[in-house]
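Chains as they are written, first to last, in this note's numbering: chain A, 1 to 110; chain B, 111 to 221.
Don't read these hints as lab results, they were simulated from the structure.
Some hints could be false.
[Said to hold, decoys possible] Have a look at the derived ranges for each label pair, beta carbon to beta carbon:
| # | chain 1 | residue 1 | chain 2 | residue 2 | range |
| --- | --- | --- | --- | --- | --- |
| 1 | B | Lys220 | A | Asn65 | 41 to 47 Å |
| 2 | B | Glu127 | A | Asp56 | 40 to 46 Å |
| 3 | B | Lys161 | A | Ser67 | 34 to 40 Å |
We put the CB at the ideal spot given by N, CA and C, even for glycine.
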Amino acid sequence: NAGVTQTPKFQVLKTGQSMTLQCAQDMNHEYMSWYRQDPGMGLRLIHYSVGAGITDQGEVPNGYNVSRSTTEDFPLRLLSAAPSQTSVYFCASTGTDGYTFGSGTRLTVV
Amino acid sequence: GQQVMQIPQYQHVQEGEDFTTYCNSSTTLSNIQWYKQRPGGHPVFLIQLVKSGEVKKQKRLTFQFGEAKKNSSLHITATQTTDVGTYFCAGPGGSQGNLIFGKGTKLSVKP
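Chain B on its own, in the form it takes in the complex (with noise of 0.2 Å):
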């Protein structure tokens, strides 16, 4: 069946490094959604893209979706101990609405 991975599980930073985590389709995927989960929390969406090559941006967060459409990355530039949580990335499933998530990139800030 289709499935989403994503790379790395877990990433330790110190404030202000830039954190970068990648998602990747066993098949070509219509659009792809990110989300997070602060700790204790619940998955927040964050953008969804649509297009071959597309990039958007949110203030000092990057999201890419590759050429071919099967892959995807998060890249959040100068982090802040706010951006502590789970990252992860979703992709539509079989059926409509259905959404396949990766496992997450648990992402740390050290002060």
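If we strip away everything but chain A, and leave its shape as in the complex, we get (with noise of 0.2 Å):
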């Protein structure tokens, strides 16, 4: 099982720039989070997804979209790029037992 799996590991945008992190979990979950988390500030719920087709917006939604065409893929897509979204993103599913995370995407926006 590779559990939860992100990509890139690292990246770094332009201002205004797109771009879309990669989540894939295959442990047939049907929620799945985006988080981001900066210093001294402990993790925020950016979108969350309880199945397929179903998307929600959470603590910190605005700049970010994302889909659930599938069970195991939930990307989190910037729409325009900002220094404020430099940050490092953790995809999560659940089911049972506690969250299972990704190992994060380093992002900076210059």
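Assembling the complex is the task here: the two chains are given apart, and the hints tell you how they should meet.
Quick look at the structure:
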């Protein structure tokens, strides 16, 4: 079992560029979510999905889009990157034993 | 909205000393989860507490859930350098499956 796989691990974007952070899980979990982690701010929920075809906003959704066409995949799209989106992004899925997090994407927007 | 507060923010200990981090919620929680994140790593699930007054142990780690289910603690006995990292508590958010995370306690251990 690979668990939760995130790509890329590192990314540098210029302001205004768009990109997609990929997330895939092989545990057949219905619930998936995206968090961003900033120093001193903990983990903040961006978007989440309770199953294929269903997504909803979390605490900090502005500037991000998500879709859930399959149970396995939950990509996060940055529409027009801003320096304030410099952060570490974690994807997670959950079954009955807590969240399983991916290894993260460290994004820098210059 | 619901908040999960965690103290202290930082803790520096000498190897062998004990360590405790505390988590408090503004509302009653149906359960509380604890995670550990090593430096440069991702959060890893440690445990979930569900019952009022519940106490669970994992080797040198002791987890408690308060009687009112609004607070929790993680205690590490005789810390080791392998305990270094940030410990997060998390409680259910407003929607099914959501977790609200505390800001974490960063533990450093001096050999």
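Here's how the hints hold up against the structure:
1. Lys220/B - Asn65/A: 41 to 47 Å: holds, 45 Å
2. Glu127/B - Asp56/A: 40 to 46 Å: At roughly 43 Å between Cβ atoms, Asp56/A and Glu127/B fall inside 40 to 46 Å, so the hint holds.
3. Lys161/B - Ser67/A: 34 to 40 Å: Holds: the Cβ-Cβ distance is about 38 Å, inside 34 to 40 Å.
The structure meets every hint from the earlier list without exception.
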